[in-house]
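A.B. asks: Build the full structure now, drawing on both the sequences and the hints.
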Amino acid sequence: MKIKKLEIVGFKSFVDKSVLHFDHDVTGIVGPNGCGKSNVVDAIKWVMGEQSPSRLRGKAMDDVIFNGSESRGPHGFAEVSITFDNSDGLTPPEYRDYAEIRVTRRLDRTGRSDYLINKTPVRLMDVTNLFLGTGVGRRAYSIIEQGRIGFIVSSKPHDRRSMIEEAAGITKFKVRKAAAERKMEHTRSNLLRVGDILGELERSLASLKRQAQKAERYKKYRDEVRDLELWIASFRYLELFGETRVVRTRLDTETAASEGSRLAMRVKEAELEAERTEVERLGSEVEQSQNRAYELDNQVRLHEGQIQQQLDRLRALREREQLAERELGELVGQRDTLAQERDGLANALQALEAAEEEAQGLFERESKELERRRLAVAEAERAVSNARGRVGDAEKRIARAEAVLASFAKRREEGHQRLERMRAEKDQLAQRGEAQQAEAEELAARLEGLKSGKEQTSAKKAEIEQELRDLRDQIKGSDEEVERLREESATKRSRLRSLRELQEKLEGVGAGVRALMTRYAGDDEARRAKGVVGLVADRMHCPPELTEALAGALGTQLQEVVVERTADGLQALDWLRTEGLGRATLWPRRLRRVVQPRRAVTGDGVVGWLGDLVRSAPEDEALVRALIGDVLVVEDLDTALRLQRDGVDGRFVTRGGELITEAGSLTGGAGDENASHLLAMKREIRELEVVVAELTTTLGDAVQRHNDLRRGIAQRQAAIDAARTQAHDAEIAIVKADKDVRRLQAEAAESTRRSEVMGGEIDNLMQALSDASEEETAANEEIESAKKSRDEAAQELEAASQIHGERSTSVEEQSRAVTEVRVRAAQARERAESDRASLQRLGRSIDELDQREQRLRGDVEDGAREQGRLSAQLLFTREKLHLNVDSAMKAHEALGASRARHDSARHSLSDSEVTLKQLRSKLDSVAGIVNELTLRDRELSMELEHLLDQIEERHRVDLPKILTEYHARPLPDREQRERASELIRLIERMGEINLMAIEEYEEKADRFEKLNAQRVDLDDALKTLEKAIREMNRESRRMFKDAFIAVNERFKLLFPILFRGGKAELKLSDPNDLLNTGIEIIAQPPGKKLGSLELMSGGEKALTAVAMIFAIFQYKPSPFCLLDEVDAPLDEANIGRFAQAIRQMTDRSQFIVITHSKRTMEFTDVLYGVTMEEPGISKLVAVELRGENRPVAGDERTSRVA
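Per our numbering, the very first residue in the sequence shown carries number 1; after that it's consecutive.
Bear in mind the hints are in silico, worked out from the structure with no lab data behind them.
Quick caveat, the model's predicted, so the values are computed rather than measured.
Each residue gets a CB set at the ideal place from its N, CA and C atoms; glycine is no exception.
The reader is advised that the hints may include incorrect statements.
Below, computed lysine-lysine pairings styled on DSS-like, alpha-carbon distance capped at 25 Å [what the hints assert, rightly or not]:
{"#": "1", "residue 1": "Lys1116", "residue 2": "Lys156"}
{"#": "2", "residue 1": "Lys172", "residue 2": "Lys45"}
{"#": "3", "residue 1": "Lys1089", "residue 2": "Lys1063"}
{"#": "4", "residue 1": "Lys1041", "residue 2": "Lys1027"}
{"#": "5", "residue 1": "Lys174", "residue 2": "Lys1027"}
{"#": "6", "residue 1": "Lys454", "residue 2": "Lys1052"}
{"#": "7", "residue 1": "Lys682", "residue 2": "Lys492"}
{"#": "8", "residue 1": "Lys460", "residue 2": "Lys1116"}
{"#": "9", "residue 1": "Lys736", "residue 2": "Lys1063"}
Just the calculated beta-carbon pair ranges, DEER-fashion [claimed, not checked]:
{"#": "10", "residue 1": "Glu1094", "residue 2": "Asp1042", "range": "26 to 36 Å"}
{"#": "11", "residue 1": "Arg188", "residue 2": "Glu687", "range": "34 to 44 Å"}
{"#": "12", "residue 1": "Glu70", "residue 2": "Arg188", "range": "14 to 24 Å"}
{"#": "13", "residue 1": "Asn994", "residue 2": "Arg188", "range": "31 to 41 Å"}
{"#": "14", "residue 1": "Ala257", "residue 2": "Tyr294", "range": "52 to 62 Å"}
{"#": "15", "residue 1": "Glu750", "residue 2": "Asp791", "range": "57 to 67 Å"}
C.D. replies: Right under this line is the structure:
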């Protein structure tokens, strides 16, 4: 199952579709840290079923979906597909016909996860089972990821066991064992539940039985009560119906009398209504006159009120006019005072403004003078700064020149010393190059001899490997044959055992027969000694095609018992009767009358006499004749009827089991299969016994051939291992010699090159010493020139500083004068602003007084006009008051006359109401009688309806429809009524009745029997599972032991090869417990004595782990091996040996190596580079190293190496 192709889409940093093809022995994957190399490992583990996010370097499973970058959005799903070459046929049987197997896993952000094998949806279990026992899997030894190489050495002994288990191929046994243990636990749980249920059923069956008996009594009482109640109710119904008819006749008579009285009353009511209308009209007239009088009275009062308001308003206006005139006089005085004050402030403000203007002019002149003096100070500061800069520059030139002189002196001394050393080193390099060249020529001659020996060893190894491959092909077929025979044998034995158990349990046999066969249990001889031979079905054997015919002819007689003598049968029947265990039919072998063979019958559709077609023992022949000697087997019923008409005596049975007796009765159909099942089961038991015996012999021969092939393979494997070790030693020697030759040649060339370079450096150094003397003279001249410039700049600095001081003093004096002038100007400006504000305030006050004066004069004028208007209104209102008083007096006189007419009409209406009341009293008396009769009619109707509803509710019958059933009986008397009451009391005393108890009792009794049978089946299943686990444990121990011994031997050989010495071995922490023992690593690197593996260096731990992994691969090569930076802790020399070991195993396994080491890259056939041109996005580019050393055609996302 080598990997052919890996396709990644949306998985971690591989957002675009990326395809890796693995068509070579060794494929390398390289790239800088963080570019996504290990994501390739995670993708392979994930597609093979990894379920732990932490093992994929994540917190949740959806972390494997590309989550976006600076330029890309998140991806919606992750999908990885891996394609395997299936030419080796290591997969489960259902996949062996496929040339390739493609496993796909897809996960989207909703959490939906899909698995597919060859584009067919499957479960995770199917993916896991695909890799079991192949050395391939998400946690198998075929994938060694970062950190795990050290874990192999530093982990606990028990943790190392899994690698040996995978190599031994017992992982699948562990999975099956775990499944079997879960089934056992489930079976035990089911047994407990079944036991609990059976216990509960046993406790409830007795109670249900009592409830069922009680329910039967209740149903009996209920039926009798129903009959009595319907009998009594039918006669009560007729009684109520007759009384109802009498009441309704009288009700009609009284209703007619009531209608006459009601008509007279309606005439009187009409007359009364006319009188009421007149009274209401007169009352309305009185009300109108009264309203008119009231209205005129209100107008009189209204005018009187208006006159009073107008008088009050005139008095208020005159008072307001007087107040306004007094306030006008006060306002004139205030305005004159404010005008005088305003004139005084205006004169003072003119003087202040002149002083302010004078102070401002002086301030501007003094400020200009201050600015002029500040410019002069700034010019002086620039002169001082320039002079000080020139002094600094000159001092820096002096310091630099002095430093150069000091450096020249030191360099000259060091140069002379170095010149001497270089001349001596040049002479040594020349001598060393000559010696190295001579040693390289000697090693080259030795290398040729080693290569010749290696070729001979390789030829011998290839010959043995061909023999081994032939034997493996043979043993592969042998394995399949042995496994097939074992499975077939186990299946047949299991079926035979099940059938025998069913036969022993006598499934489908009557209770009496089962009791007899159980009492006389044992084999045929033991039963025969007790007088019981067996069942009728045991005494005859028929061909398979006549099973249905024999079952149809005998039916339940097949379950009858055969005894030796009649006395034995009488004894058995007496025992059955005494124990009360059922009935049974018994046949003595020694019959009193022997049935003679019938004459032969031939013709179309005739098969033959059943007694002639069935085989039996000689001592049972008379019994068989008695049972089926008169049965003729025919093809169909038409043939049987034809033969019967032709006068053939006996019974007829078809091949399908349809039977016609001599009397003409027909038996057939479907549903009762006990008889045919019993015969088929016995026939199958006999056939299985023969098949199992044959399979046992065949399996023994196949196992012997298989063991011979295993011994042949072991012998040739040992020879190959020896040849491989010899070839490996030769390869190591060749590599070492070749490496030494190249090293010596390179060192000789390097010595010659360095000697030549040294000569050039000596000449350059001598020229540099000569140039240094000239530069020293120039530096002395620079020092003298710089000192002269420094003295001149110092004199200029002193003169500029003096001028700067004088000008700074002048600026300070002028600044004080400007400040004084600014203060005087501000004070004058502040006083002027204050006077201006006061002048504005006085102006506003005078304006406000003028506006107030105008408003008051307007109010006085408005008041005078309002007084004139009110005086005119007062005269008009007084005139209207006199007119309204006269009208009110006339309205009161009309009101008195209307009230007199209204009182007369009311007296007449009162007399009419007394007459109407007498008529109503008479009508109420008649209505009372009608109401009584109506109420009685309603009571009778309700009682009748209640009776019908009661019968309908209690008995679900329509009483009128069944009257004729009970009217033929006599009128029910007191005895029937008391019997009904007594039965009702009996039912009430019975309490709550469970009518379902009868059915529940039958159901639970049937369920108890079925559960009891299930308990027996579960016990048998538990025993079967326990046996299977014992067999798996025994096989696991053997396979683990064989694998451990083989891996340990190879580990002992590989360790000194990789370490160039030393020794190591594997030990079991508990040899007595091979199923759980851990594995200890005992390692001794060359020249060291370590007390613990933890004292090893990182490289030694890594190399030890590599030795163990390669030892496992030599024992059971995995189709492929993925190594993720396993060589990281190794130095250059160890990486070479590591790479050589990989190359030697490429004939058995495919290697995928993730590395940063250039030495490891040299040994690969193809290199895949993982890059991140776009941040966060991984891309691929491939380079083929075997053949043309050039990039492979194709883009960066999908790369294929041809």
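A.B. asks: Each of the hints needs a verdict: does it hold here or not?
C.D. replies: Hint-by-hint comparison with the structure:
{"no.": "1", "hint": "Lys1116 x Lys156", "verdict": "23 Å, holds"}
{"no.": "2", "hint": "Lys172 x Lys45", "verdict": "19 Å, holds"}
{"no.": "3", "hint": "Lys1089 x Lys1063", "verdict": "11 Å, holds"}
{"no.": "4", "hint": "Lys1041 x Lys1027", "verdict": "21 Å, holds"}
{"no.": "5", "hint": "Lys174 x Lys1027", "verdict": "15 Å, holds"}
{"no.": "6", "hint": "Lys454 x Lys1052", "verdict": "23 Å, holds"}
{"no.": "7", "hint": "Lys682 x Lys492", "verdict": "15 Å, holds"}
{"no.": "8", "hint": "Lys460 x Lys1116", "verdict": "22 Å, holds"}
{"no.": "9", "hint": "Lys736 x Lys1063", "verdict": "21 Å, holds"}
{"no.": "10", "hint": "Glu1094 x Asp1042: 26 to 36 Å", "verdict": "31 Å, holds"}
{"no.": "11", "hint": "Arg188 x Glu687: 34 to 44 Å", "verdict": "35 Å, holds"}
{"no.": "12", "hint": "Glu70 x Arg188: 14 to 24 Å", "verdict": "59 Å, violated"}
{"no.": "13", "hint": "Asn994 x Arg188: 31 to 41 Å", "verdict": "35 Å, holds"}
{"no.": "14", "hint": "Ala257 x Tyr294: 52 to 62 Å", "verdict": "54 Å, holds"}
{"no.": "15", "hint": "Glu750 x Asp791: 57 to 67 Å", "verdict": "60 Å, holds"}
Checked against the numbered hints given earlier, the structure breaks only hint 12 and satisfies all the rest.
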